[in-house]
Structure formats: C-alpha cells, structure tokens
Amino acid sequence: MTLFYLFAAIAVGASLLVIAQRNPIYSVLLLIASFGALSGLYVLLDAPFVAVTQIIVYAGAIMVLFLFVVMLLNAAQEETGSGGRGHLKRHPGAMRLGAVLAVALAAELVWALTAINTSTSFPTTQMISVATIGRRLFTDYAFPFEVTSVLILVAMVGAVVMAKQEPAGGKR
Amino acid sequence: VPSLNDYLLLSAILFSIGTAGVFVRRNLITILLSVEIMLNAVNLSFVAFGRQLGNADGQIIVFFVMTVAAAEAAVGLAIVIALFRHRESLNPDAFTALKW
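Chain order of the listed sequences is A and B. Heads up: take any position in the first sequence, counting from 1, add 2, and you land on the numbering used here. Heads up: take any position in the second sequence, counting from 1, add 1, and you land on the numbering used here.
None of these hints come from the bench; they were simulated from the model. Being a predicted model, the structure only gives us computed values, none of them experimental. Take these hints with a grain of salt, some might be off.
Label pairs and their computed distance ranges (CB to CB) [as the list claims (entries may be wrong)]: (1) B:97 - A:22: 23 to 29 Å; (2) B:55 - A:15: 30 to 36 Å; (3) A:76 - B:43: 28 to 34 Å; (4) A:114 - B:69: 24 to 30 Å; (5) B:94 - A:156: 27 to 33 Å; (6) A:162 - B:4: 43 to 49 Å; (7) A:24 - B:86: 20 to 26 Å; (8) A:162 - B:94: 24 to 30 Å; (9) B:4 - A:66: 32 to 38 Å; (10) B:2 - A:22: 30 to 36 Å; (11) A:160 - B:6: 26 to 32 Å; (12) B:6 - A:54: 23 to 29 Å; (13) A:98 - B:56: 41 to 47 Å; (14) B:89 - A:118: 47 to 53 Å.
We treat Cβ as the ideally placed atom computed from N, Cα and C, and that holds for glycine.
Chain A on its own, in the form it takes in the complex (with noise of 0.2 Å):
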C-alpha cells in the first residue's frame, strides 16, 4: 500500500519536472525516473512481463534515442534565447490559456471518477503468465502482431528518409 504512494508520489513528480525543466537533457533524464517508478506500479499489479518490458523498451531504448536527438542538435539554451520566451511574452494568453484548459482536464477525470465510488479491492486472481501473454499473442492476436512488424518496418524506412542529409547538389 505505501509502496503504491511511494511509486506514485515518484511518477506525477518526475512528470511535472519534466514539465517545468528548461533543459530538454534533464526532462528526458526525469522521465526516464518517472517510467522506472510506472514500472514499479506494473509489478504491483502483477504485470511482470510489462515491468520489464517498460525498463527495456521505453527507459532503454526509447528514451536513449531522445537522449541521442538532444545531444545531436546541442539546443539546450534552445528556450532561453529569444525565440521561446520572446513568444511567451508576446502572446502570454495562450499559455495560460492551455494551463487553465489541463487543469480544467484534470478536475474533470477526478471528479468523474470519484463519482463512480467503486472504492473495491482487486479480485484475487491467479497471475497472468509469460507463457500465457506469448501463446495469446501468437494465437488470438496473431494479425495484429504482423502488422505490427510492417508498422516499425514503415517507421524504419521513414525516419531514415526524413533524416536523410541532402546532397550538396540538391539532386538525390
């Protein structure tokens, strides 16, 4: 019970940091916090399998390659210089605007869902598998996983032609 708050305390933390960090380098090293204390919840809700395929997937890989964009375009003073916070003085309105709109989102998804009042513990079932994740995924979800392959694949591809440097010439 006090490992949830624990976890939770951790994650929204990290998250609102992440928020209000100036530097991209430390939002990403914060989210990276924030993810490793979500992976604590999962194994709380007896989800090993997404547990560990949080650290892997996302803290691992996904947030190394933000890492990596970061350090590769070097705009850490990007938000101090004149094109962020000049904009932010110019037209004030809209961001408090968007603060008021999440604030507004968030009173609402509260509130709706302390209405429903269902305030009851999780059934105790048996723990879901690995064995049992994988045999469903290649039976009942078999169609979703392959196109799922064909998504990264498109991913793949066009990532490296968006990036692709231009030829000096201006002709590929």
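Here the structure of chain A is known, so what remains is to put chain B in place on it, guided by the hints.
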C-alpha cells in the same frame, strides 16, 4: 490496499500532466516527451483494468501501445531533426510556412 480507482486516478493525473506539457511548452522535444507521458498514463489504465478483469488482454494491448510509441518517437524525432536543419530552431512557432 490501492483499488482500481486509485490507479485510474493516478492515470488521469499523469494524462493531464502530459496534456499540460503539450499545451504549455514551446520546445518540440519536450512536446514529444509529453506525448510519451500521455501514452504511459493510458498504459497504466490498461494494466489496471486487465488486473481487475483477470485476463491477459490488458497487458497485450500495452505491448502494442509500446510498439506504436517506439514508431512514433522514431518518426517524430526524424521530423524534428529535419526541421532543425532548416530553421535552426526547436520552437514550433518558427514553423509557420503553411500558415496563411
């Protein structure tokens, strides 16, 4: 003992934080990170519901969401690199070539 409602509340709070990041921040990389926060909030909902219903479907859908998130991050970061090469900026307000 935390119930389904507690996990859904945490998921809602995290999703709102991600939404706030997309609205408030003026940095393309931070906006992509906020989208990742939103995807993770939804993942937490899926796993919590799967725990409540006692079947594997919730965890399997999380697997697919993670795959889509990886594809989205790869393509989104490639677009960010291409945009940065053209404008030397990560501010979304610098990219108004299609604005009338």
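Consistency of the hints with the structure:
1. At about 27 Å, the beta-carbon gap between residue 97 of chain B and residue 22 of chain A stays in the expected band of 23 to 29 Å.
2. A hinted range of 30 to 36 Å for the beta carbons of residue 55 of chain B and residue 15 of chain A is consistent with their spacing of about 31 Å.
3. The supplied range of 28 to 34 Å is met by residue 76 of chain A and residue 43 of chain B, whose beta-carbon atoms lie about 32 Å from each other.
4. The beta-carbon spacing between residue 114 of chain A and residue 69 of chain B, approximately 26 Å, falls within the hinted interval of 24 to 30 Å.
5. Separation of residue 94 of chain B from residue 156 of chain A is about 30 Å and conforms to the stated range, judged on CB atoms against 27 to 33 Å.
6. The beta-carbon spacing between residue 162 of chain A and residue 4 of chain B, approximately 46 Å, falls within the hinted interval of 43 to 49 Å.
7. Checked against the given bound of 20 to 26 Å, the beta carbons of residue 24 of chain A and residue 86 of chain B, roughly 23 Å apart, stay inside it.
8. For residue 162 of chain A paired with residue 94 of chain B, a C-beta distance near 28 Å keeps the hint of 24 to 30 Å intact.
9. In this structure the supplied range 32 to 38 Å holds for residue 4 of chain B paired with residue 66 of chain A, their Cβ-Cβ distance being about 35 Å.
10. Between residue 2 of chain B and residue 22 of chain A, the C-beta spacing of about 32 Å keeps the proposed range 30 to 36 Å intact.
11. Between residue 160 of chain A and residue 6 of chain B the beta carbon distance is about 40 Å. The supplied range of 26 to 32 Å is therefore violated.
12. Hint check: residue 6 of chain B to residue 54 of chain A, Cβ distance near 26 Å, so the stated range 23 to 29 Å holds.
13. Checked against the given bound of 41 to 47 Å, the beta carbons of residue 98 of chain A and residue 56 of chain B, roughly 44 Å apart, stay inside it.
14. At roughly 50 Å, the beta-carbon separation of residue 89 of chain B and residue 118 of chain A lies within the given 47 to 53 Å, and the hint holds.
Consistency with the previously given hints fails for number 11 only.
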